[in-house]
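Participant: Sequence:
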Amino acid sequence: MPKKVPLKRPASRTSRSPQTSGKTRESADDIVTLRTDGGDSVRISMGAPLQYAALRWSYVARQRQRWSRNADARGKLAQQIRAELETLGVDQSGFQALERADLIEVSVPFFVEERGWEGRVMPWEYVISTATGAARSGTLTVVRHLDRVANNATKQRSEARTLLMAELAPGGLRDRFSFAAERRQIESTAGLAFELLTDPSRDELTQAIDQFAPDVIHLAGVDNHQAAEMLGLETESQAADKRGESILDGIPLGRRGAERFELLDAHSAARLLAAAETKPRLVTCNIYHSGARLGALLVAEGAEAAIGFQDSFDDASAELFFANFYRTWRESKHNILLAFQVAWQNLSGQGHLHRGTGVVLWSATSLLDAQPVKALSRKIEDEQHRLREQAKTVVRRETITRENVHEWLQVKIVPAEDINYSLLHNDRDLFKSFEISKLQDGMIRGLSVEVVLCVGGDSFPYRTSVDLVQPVTTLASRVRVPLTSALIRAVSERMYTSLYVEIRLGDLEIYRETHRVALLPVDEWRFDRRDYIWLPSFVLPRDPAVARVIDSAQRYLAALADDSGAGFDGYQSFDEATGDATGVDRQVQAIWWAILQDTPLAYINPPPSYSESAQRLRTPGRVMAERRGTCIDLTLLLVACLEYVEIYPVLFLFTGHACPGYWRSEQAHAAFQELRNIAQRVPIANDPRRKRGVEPALRRGPDTPYVTLRDALAEIRQEIRVGTLVPIESVALTSRDSLAEAIELGRDNFARASEFDAMIDLLSARESGITPLPIVEDRP
1 MPKKVPLKRP
11 ASRTSRSPQT
21 SGKTRESADD
31 IVTLRTDGGD
41 SVRISMGAPL
51 QYAALRWSYV
61 ARQRQRWSRN
71 ADARGKLAQQ
81 IRAELETLGV
91 DQSGFQALER
101 ADLIEVSVPF
111 FVEERGWEGR
121 VMPWEYVIST
131 ATGAARSGTL
141 TVVRHLDRVA
151 NNATKQRSEA
161 RTLLMAELAP
171 GGLRDRFSFA
181 AERRQIESTA
191 GLAFELLTDP
201 SRDELTQAID
211 QFAPDVIHLA
221 GVDNHQAAEM
231 LGLETESQAA
241 DKRGESILDG
251 IPLGRRGAER
261 FELLDAHSAA
271 RLLAAAETKP
281 RLVTCNIYHS
291 GARLGALLVA
301 EGAEAAIGFQ
311 DSFDDASAEL
321 FFANFYRTWR
331 ESKHNILLAF
341 QVAWQNLSGQ
351 GHLHRGTGVV
361 LWSATSLLDA
371 QPVKALSRKI
381 EDEQHRLREQ
391 AKTVVRRETI
401 TRENVHEWLQ
411 VKIVPAEDIN
421 YSLLHNDRDL
431 FKSFEISKLQ
441 DGMIRGLSVE
451 VVLCVGGDSF
461 PYRTSVDLVQ
471 PVTTLASRVR
481 VPLTSALIRA
491 VSERMYTSLY
501 VEIRLGDLEI
511 YRETHRVALL
521 PVDEWRFDRR
531 DYIWLPSFVL
541 PRDPAVARVI
551 DSAQRYLAAL
561 ADDSGAGFDG
571 YQSFDEATGD
581 ATGVDRQVQA
591 IWWAILQDTP
601 LAYINPPPSY
611 SESAQRLRTP
621 GRVMAERRGT
631 CIDLTLLLVA
641 CLEYVEIYPV
651 LFLFTGHACP
661 GYWRSEQAHA
671 AFQELRNIAQ
681 RVPIANDPRR
691 KRGVEPALRR
701 GPDTPYVTLR
711 DALAEIRQEI
721 RVGTLVPIES
731 VALTSRDSLA
741 EAIELGRDNF
751 ARASEFDAMI
761 DLLSARESGI
771 TPLPIVEDRP
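For the sequence shown, the residue numbers in this note's numbering are 1 to 780.
It should be emphasised that the hints constitute simulated quantities derived from the structure, not laboratory data.
As the structure is a prediction and not an experimental result, all values here were calculated from the model.
Using N, Cα and C, we set each Cβ at its ideal position, and we do this for glycine too.
There may be inaccurate statements among the hints.
Pairwise CB distance ranges (calculated) [said to hold, decoys possible]:
1) Gln-470 <-> Asp-30: 41 to 47 Å
2) Ser-201 <-> Glu-646: 53 to 59 Å
3) Ser-348 <-> Ala-602: 56 to 62 Å
4) Ser-477 <-> Thr-655: 30 to 36 Å
5) Asp-551 <-> Thr-87: 51 to 57 Å
6) Thr-655 <-> Asp-175: 21 to 27 Å
7) Glu-417 <-> Ser-348: 30 to 36 Å
8) Val-466 <-> Lys-76: 38 to 44 Å
9) Arg-161 <-> Thr-139: 29 to 35 Å
10) Asp-575 <-> Pro-774: 35 to 41 Å
11) Arg-176 <-> Gly-446: 28 to 34 Å
12) Gln-470 <-> Asp-551: 54 to 60 Å
Start from the sequences, fold in the hints, and give me the full structure.
Facilitator: Here it is in structure tokens:
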């Protein structure tokens, strides 16, 4: 199973900046200007207050899994953002101007990277849309203009003719990704001479840019953070932690299968990509964390425009965005603002996937000045109308043949390598990716899809019919199979089975493949970052052994409270007026002593498992019957007991270790999940090269509000420090330590940041539909 340092909050804030409708070269210095399509401008001074706001709201945006589906929390954050903007100088008339706008351009001056970074790092797309969302009915588009104050002398291209696509999946990552669909989509929609570069080294990328001199560069694959995490570069990450550093934003370069590759920082990457004498017109980055630094620095180095993502982004949505962008960009004679707005508006129906993040467009020249706004609005409406009409035009079935099907359709299917009951039980995806790309205009109707999971002599089919309207259609979240097989629940050892996929258009076969997948035992849990999110399903409060522990704990609770009528009443014992949680702590203490005294436990290694990074988990009944367990077994036992008495537990995961914890009040739990105390809790790192100051959370999203990763460790430590969150070392049960000693040992687990991996909040997991598995064992 699988650890950032602070920048101090400014002691004072600058005075409010005046509102103005214009801008001069002198006033541009250290001023961020928010310009609207209505002709209004709002000016915000850079400096310590904006630095703090930029880093704080970047942090909040990255923690969106905790609040994105909670309307109450979103509303409270919106109020906080408006209050923050007021302190930065936005008055009532400024808010009204922003609320009226359909398009806002954020103009940020650039001198050197270390100066004014706060204006580039601020998640403007999230901040502005959230602050004005309550008064807005339509879709807002936010773009950014990098005002290259110190350097405007770059040779520009008259038109775009060539495109270089660089696929970045070095080392062992190539086997985990399929770029074929994206490659075909970009090549077919951009309409430019196409050149492909696969997993280049720095020298190979330099040579390609020098020789090919591309007008457009498209990056696809992973960024430095994702590469480091997926390839398990723990030693590098841990060494950086010890130095008080973190891996820098940027791109990984290196050949496929190479043991070593280079994590190129964003500024070095920007210089390399914009190294040609004639600068690229456009660089698009379909990689995480490419908007705040890489995109801005590409424009600073001479590119006319760059597109990237604020942080992580839904992969299928990203491919859909770029497909719509390049198609509209080509058909509009390379009108980048029109193409960007059309592509962004086509994602509006997937809003829950994009709350807190965004697509970032940087330009060297003001796009609001490039054309009349009214004319642009008409063009957008015309383009959207054209796309709607185009979607209504049904492609005749006989148009697509066996000979030309590859010119019309591209399929990208990547199944999960391992399937176990917890994944199916929690209604999660069988496929990492299941995408069908439509490479030409028109609607393709009646595509039939069949998926069959074979288990023993049983087969579990999923069948559907799909109409292809958008350039990219994703089905991963739709494919589900039933859970009726007794064999799936009874699998005791890893076994291989098949997952059959067939896609047809009438009699024409589009795709047919039988994928080999592993079926894992029902009690096996993988502790990698893909599967540890299912750990709450192994918390079994209805196991009869849990009820027996609570029955036994009753007399200990009565003794601790000196009250024969004392009962397990959860947070009813919390005194909200005084904040006294003694009654809650006593319940936890009673459970601890009941286990310690009535069923003494010993430590044991995990049962045999023949899967990498996997462990067989014991139920509470088995732990109590056998009187032994691992750290995770003991953690699951304690967490199940806490859930049983309605005290909100958490599971802390570290490198090779786990321990439980609990919230001492409902209010503390809700405040953490909704980031109510963010101003007091979050530390900020003041290194202009590391605007985020922490590692990204790559394996969570809107559907995992219960998983908090290493980037929130400082916030978790603060909750422990102020006493609202209590960690317990579960292995202390086997050494017969008191609860106070176990809590002290639990705190010690947080001493090394590099060893902390995640905190899983059980109540939030249950609210997200992660329920206990049906593996209760009734043991005496």
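Participant: For each hint, tell me whether it holds in the structure or not.
Facilitator: Going through the hints against the structure:
| no. | hint | verdict |
| --- | --- | --- |
| 1 | Gln-470 <-> Asp-30: 41 to 47 Å | 43 Å, holds |
| 2 | Ser-201 <-> Glu-646: 53 to 59 Å | 57 Å, holds |
| 3 | Ser-348 <-> Ala-602: 56 to 62 Å | 58 Å, holds |
| 4 | Ser-477 <-> Thr-655: 30 to 36 Å | 32 Å, holds |
| 5 | Asp-551 <-> Thr-87: 51 to 57 Å | 55 Å, holds |
| 6 | Thr-655 <-> Asp-175: 21 to 27 Å | 25 Å, holds |
| 7 | Glu-417 <-> Ser-348: 30 to 36 Å | 34 Å, holds |
| 8 | Val-466 <-> Lys-76: 38 to 44 Å | 40 Å, holds |
| 9 | Arg-161 <-> Thr-139: 29 to 35 Å | 32 Å, holds |
| 10 | Asp-575 <-> Pro-774: 35 to 41 Å | 39 Å, holds |
| 11 | Arg-176 <-> Gly-446: 28 to 34 Å | 33 Å, holds |
| 12 | Gln-470 <-> Asp-551: 54 to 60 Å | 57 Å, holds |
Of the numbered hints listed earlier, not one is contradicted by the structure.
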